[in-house]
Amino acid sequence: MTMTKPKLAVWKFASCDGCQLSLLDCEDELLAVAGAIDIANFAEASRDIQPGPYDLSLVEGSITTAHDAERIQEVRRLSKYLVTIGACATAGGIQALRNFQDVKEFMAIVYASPHYISTLATSTPIADHVHVDFELRGCPINKQQLLEVITAFLHHRRPAISAHSVCIECKLRGNPCVMVTQKMACLGPVTHAGCGAICPSYNRGCYGCYGPMESPNTKSLSAWLEKLDVAAPDVARLFRSYNAAAPAFKEAGDRHE
Amino acid sequence: MSINQPDLPAQSFRIDRTGLDELLAALKNRGYTLVGPTVRDHAMVYDELTGTQDLPVGKGDQQEAGTYQLVDRGDAALFGYNLGPHSWKKYLFPPRHKLWQAELTDDGLAFSEPDQATPPKYAFIGVRACELHAIQVQDKVFAGGDHRDAHYCRTRERAFIVAVNCSQAAATCFCPSMNTGPAVTSGFDIALTEVIAADAHYFVMQAGSQLGQAVLDQITPCLADSTEIQAAAQCVANARAQMERQLDTADIQNLLYRNAENPRWEKIAQRCLSCANCTMVCPTCFCSSVEDTTDLTGSHAERWRQWDSCFTLDFSYLHGGSVRTSTRAQYRQWMTHKLASWIDQFDTSGCVGCGRCITWCPVGIDITEEVRLMRENDMASSENSQRGGR
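Protein sequence lines, in the order shown, are assigned to chains A and B. Per our numbering, residue 1 is the first one in the first sequence, and the count goes up by one each step. Per our numbering, residue 1001 is the first one in the second sequence, and the count goes up by one each step.
Hints may be right or wrong, so weigh each one.
[Unchecked claim] Which bits of chain A does chain B cover? Going by a derived footprint, with three or more residues having C-beta under 8 Å, they are: (1) 26 to 36; (2) 68 to 79; (3) 161 to 170; (4) 183 to 194; (5) 241 to 251.
[What the hints assert, rightly or not] As a list, the in silico DSS-like pairs of lysine-lysine whose alpha-carbon atoms are at most 27 Å apart: (6) K143(A) x K1098(B); (7) K183(A) x K227(A); (8) K104(A) x K5(A); (9) K1121(B) x K1090(B); (10) K183(A) x K143(A); (11) K1267(B) x K219(A); (12) K183(A) x K1267(B); (13) K12(A) x K104(A); (14) K1098(B) x K1059(B); (15) K1098(B) x K1140(B); (16) K227(A) x K1267(B); (17) K1059(B) x K183(A); (18) K143(A) x K5(A); (19) K1090(B) x K1059(B); (20) K1140(B) x K183(A); (21) K1121(B) x K1140(B).
[Said to hold, decoys possible] A short list of chain B residues far from chain A (calculated; beta carbon distances all over 12 Å): (22) L1109; (23) P1120; (24) Q1234; (25) A1241; (26) R1271; (27) V1323; (28) M1379.
Simulated from the structure, these hints should not be mistaken for lab results. The beta-carbon is built from N, C-alpha and C at its ideal position, and this holds for glycine as well.
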C-alpha cells in the first residue's frame, strides 16, 4: 500500500461554481476528505496549486470557447481518472440553450461591444471532447453522491450511483405522486435519480435537474402531460432547462417546439 | 397476529367511535405503535396515529388509471376511503433497511447489529381484505421456505392487525377477480365493518385471534344485534357490487407464457415509462437491492437493503451487463411474474387486485386492460397467429 495520498484536482469550465462548491460544502466530511486525498489543485479553495499529474480530476462546466476546448485536452493529459460533475459538464448545462438559437444575436443584445467576446456557437459536455471515466449528474450535484464517487475512487470500486428514475426515490420517501394526485407536470419518471426527489417532496413537479434517466420514455410522458392540459410549448420548456442538450431531453424539447 | 393462527368462531360486537378510541388506547397500553390511514399531501397514506382523530375523517377518494383525488364524503366516515399509495409493506419490509455495520479494528472487521434490530410492535389499523392477502403473499416470500428474513419475521410476528371490511370500491379495484376480497375472512386479530346510516354510525366487530379477543374483552363492547350484523354484511355487498374492473385469470399462466413474443409487449413499452412506480406501490412486490457502503477512510462499512424494481437496468445486471435492457422485456417480466410465474414459485398469484399499479402509474397503464388485450391478441388463436398479432 502506497503511503502517498492520491492527488486531486478540481477544474472549472463554463459553469456557476455551484458543483465544486459542493466539495467545500462537505463541512463535516471535509477534514476526512483532506485526510484521505491530497487536494493539489482547487483554485476555489486555495492559491496553493501544485503541478500535475493528478490521480483524480473533478471537472465542472461545459465547453463554450475554443480556448476551453484546448484546455480540456490538457486536463485529460494530466489526469489518471477524470470525473465530470454537474449538468454543465455532463450535458452542456443551462447555457446549452444557446445551441437552439443564434449566439451572435444574443451577444448583440447583451454586450455593448460584442466584438470582445470570443465564444463558440454551442455549449457541449466534456465527454464530447475527451474520454470521461464517470459522469456525476445534477444541477447542482448532491454532495453525498460526490463523497460516494471520491470514496469509491479511493477504494477502487464502482460508485453506487443509481441511474433509475426519480420516482423510485420519491416512493422510497413515501411521497404520494404529484402527477397522479394534483395533475402536476413532473419530469420525475424520465429523470435520473440522485437529488432524493426534493421537489416532489415539497409539492412541486420534478424539474429534471439530473437529466435523463437510463431509459427515458419522454414521448409517452409528454403525451400524458398534454392530456393533463400542459400546452406543447410548455412541455418543450420543461425539457429545455439545465439538461436541454442531453440527447433524450433535446429530442423531447424539439418535438414540442 | 402470528403468522399461522387458527380462526376463532366469530361473535359480533358493536362499538361506536368512542369505543374505537378505547380500542386504540388499549392497544397503545399494550405497547403497540399505532399505524394506519391519515391524510397527507393530497392523499391517504399510512403513518403513526394517536387516535381516531388522525384517521381520514369524512374523506373518500376518486381513482382512475393515473389519477387519484381525495373528496369529501359529506359524512363522518373513518374508513370511507379506498386504498392510497402506501401499503403495509413499508413497515414489514422497509424501503431502506440497514442489515449490518462493521468497523475495521486491529483484530480485523468487527460486525455489529444495526440500531433498528428490534423493530417496534406495530398495530396496523384499517387493513383491507386485499391487503391481508398481500401480507400473506409476502409471508410466503419472507417467512416461508428455508431462508426466512429475520427482520420481516420479527416485525410480522409481533404485529397486531385490525382489519376493516370495504364498504365501497374504487374504480380501480378488482379484488373479486383475484379472490382476495372485499370481505375480510382470515389473518386478522380484530375485524371491523363501518356502518353509516342516516341516524347511526357504528362498527360491527369480530375477533380473529385469541389476542384479538383479549383486547376486545378489555373494552367491553356490547353484542351486535342481527339488524346491525345484516347492515354490516350489506356494506360489503355494496362494495362488491361497485367493482367495475375485472381481470380474467383463466389459464393465465399459459396465456402469458405462450405470448412471450407477442407484439403487444412492444405496444405497452411505447407507453411504459419504466419508472418503477407500479412495483413501488404494489403490496406484494418484494425485490430489493443490497448495497455496501464504505466511508472515506475505509474503516467503517455498512450494508443496506432497499426496494428495487425489475424496471431498472441495474436490477438485472449480471456479469457483463443487464439482461433486460428493453422496457418491453421489463414490463413482460413484471406482469408475467406477477400473474403467472409467481404461481409456480409461491403457489399463489402475486396480484391481489388492489389496483394501486393502475392508479399510481403516471401514464395510466392498466394491468387488467393489458391482460384483456393479450387475450384478444393471443398468438395461439389461429386468427391472430395469421395476422402476427396486432
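Now the hints, each set against the structure:
| no. | hint | in the structure |
| --- | --- | --- |
| 1 | 26 to 36 | holds (count 5) |
| 2 | 68 to 79 | violated (count 0) |
| 3 | 161 to 170 | holds (count 6) |
| 4 | 183 to 194 | holds (count 5) |
| 5 | 241 to 251 | violated (count 0) |
| 6 | K143(A) x K1098(B) | 21 Å, holds |
| 7 | K183(A) x K227(A) | 10 Å, holds |
| 8 | K104(A) x K5(A) | 47 Å, violated |
| 9 | K1121(B) x K1090(B) | 14 Å, holds |
| 10 | K183(A) x K143(A) | 31 Å, violated |
| 11 | K1267(B) x K219(A) | 13 Å, holds |
| 12 | K183(A) x K1267(B) | 24 Å, holds |
| 13 | K12(A) x K104(A) | 24 Å, holds |
| 14 | K1098(B) x K1059(B) | 36 Å, violated |
| 15 | K1098(B) x K1140(B) | 22 Å, holds |
| 16 | K227(A) x K1267(B) | 19 Å, holds |
| 17 | K1059(B) x K183(A) | 19 Å, holds |
| 18 | K143(A) x K5(A) | 21 Å, holds |
| 19 | K1090(B) x K1059(B) | 23 Å, holds |
| 20 | K1140(B) x K183(A) | 37 Å, violated |
| 21 | K1121(B) x K1140(B) | 21 Å, holds |
| 22 | L1109 | 14 Å, holds |
| 23 | P1120 | 17 Å, holds |
| 24 | Q1234 | 31 Å, holds |
| 25 | A1241 | 26 Å, holds |
| 26 | R1271 | 5 Å, violated |
| 27 | V1323 | 14 Å, holds |
| 28 | M1379 | 25 Å, holds |
Taken one by one, the earlier hints fail for this structure at numbers 2, 5, 8, 10, 14, 20 and 26, listed in ascending order.
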